[in-house]
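Asks: Listed below, chain by chain, are the residues.
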Amino acid sequence: EPEVTQTPSHQVTQMGQEVILRCVPISNHLYFYWYRQILGQKVEFLVSFYNNEISEKSEIFDDQFSVERPDGSNFTLKIRSTKLEDSAMYFCASSEGPTGGYTFGSGTRLTVV
Amino acid sequence: SQQGEEDPQALSIQEGENATMNCSYKTSINNLQWYRQNSGRGLVHLILIRSNEREKHSGRLRVTLDTSKKSSSLLITASRAADTASYFCATITGGGNKLTFGTGTQLKVEL
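Protein sequences, first through last, are from chains A and B. The opening residue of the first sequence carries number 1 in the numbering used here; numbering runs sequentially from there. The opening residue of the second sequence carries number 1 in the numbering used here; numbering runs sequentially from there.
Do not take every clue at face value.
[As the list claims (entries may be wrong)] Subject to a maximum C-alpha distance of 27 Å in a straight line, what follows is the list of computed DSSO-like cross-link-like pairs (lysine-lysine):
no. : chain 1 : residue 1 : chain 2 : residue 2
1   : B       : Lys26     : B       : Lys56
2   : B       : Lys108    : A       : Lys57
3   : A       : Lys83     : B       : Lys56
4   : A       : Lys57     : A       : Lys83
5   : B       : Lys69     : A       : Lys83
6   : A       : Lys57     : B       : Lys56
7   : A       : Lys42     : A       : Lys78
8   : B       : Lys108    : A       : Lys42
9   : A       : Lys42     : B       : Lys70
10  : A       : Lys57     : A       : Lys42
11  : A       : Lys42     : B       : Lys56
Since the hints were made in silico from the structure, they are not lab data. Predicted, not measured: the structure shown is a model, and the values here were computed from it.
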């Protein structure tokens, strides 16, 4: 069964540092997403990406966030200057089409200290 | 108001019983999906029901959709301890490009 792979599984970083979360979506999927889940809270949409550009982003996805698809397989989320409130589980997902089911990765637990 | 409110927030049942979770949403949708999340893990897609469908089955799962009431239910029949997890409904709106998740139901199935 194809899967979405996320690395690292856990990242601890100092406040103010930059982090890059990495994802390898399913190879024939065209749509990519980042979500986050603060401990005990709901899963929140951050950004969707299609055809090498952002197709939609939430109000959470401000200037400190960016996404990139640097090659044919990786999809990254960069947080430029981390804050304590960025501590959360970050999930990458991909889908074949814009309205189908998503396949999620296992997540990266980001802890900002 | 939130797109995707679920009830109950928590449900505890005995193995072998059926579990029913409900989801209500606010805006018109293209489809509604249910996902499962084991503690601290990723989300697993369970089933998708389109706005023109009323009921769908997959194994022990049965999903209904009532677009007039903007609600859906997920029924898990003959539950097992391994079904213990959080279950989320998520919607894709008509012109939308993203899944919006509900608040989730924590299901505990006891032996």
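Asks: For the pair supplied as a hint, lysine 57(A) and lysine 83(A), confirm whether the alpha-carbon distance does not exceed 27 Å.
Replies: With Cα atoms ~19 Å apart, lysine 57(A) and lysine 83(A) stay inside 27 Å; holds.
Asks: Taking only the CA atoms, is the gap from lysine 108(B) to lysine 42(A) under or equal to 27 Å?
Replies: 18 Å, holds
Asks: Are the Cα atoms of lysine 57(A) and lysine 42(A) separated by 27 Å or less?
Replies: Answer holds: lysine 57(A) to lysine 42(A) is near 17 Å, not above 27 Å.
Asks: Would you check the hint for lysine 42(A) and lysine 70(B), treating anything up to 27 Å between C-alpha atoms as holding?
Replies: Answer holds: lysine 42(A) to lysine 70(B) is near 20 Å, not above 27 Å.
Asks: For lysine 108(B) and lysine 57(A), compute the direct alpha-carbon distance and say whether it is at most 27 Å.
Replies: 34 Å, violated
Asks: Need the status of pair lysine 42(A), lysine 56(B): alpha-carbon distance at most 27 Å?
Replies: Holds: lysine 42(A) and lysine 56(B) sit about 25 Å apart, inside 27 Å.
Asks: For the pair supplied as a hint, lysine 57(A) and lysine 56(B), confirm whether the alpha-carbon distance does not exceed 27 Å.
Replies: 31 Å, violated
Asks: Straight-line Cα separation of lysine 26(B) and lysine 56(B) no greater than 27 Å?
Replies: Holds: lysine 26(B) and lysine 56(B) sit about 21 Å apart, inside 27 Å.
Asks: With the threshold set at 27 Å, check whether the alpha-carbon distance from lysine 42(A) to lysine 78(A) stays at or below it.
Replies: Holds, at about 22 Å.
Asks: Taking only the CA atoms, is the gap from lysine 83(A) to lysine 56(B) under or equal to 27 Å?
Replies: Not OK: lysine 83(A) and lysine 56(B) at ~43 Å, beyond 27 Å, violated.
Asks: Is lysine 69(B) close enough to lysine 83(A), meaning Cα to Cα at most 27 Å?
Replies: 41 Å, violated
When held up to the earlier numbered hints, the structure conflicts with 2, 3, 5 and 6 and fits the remainder.
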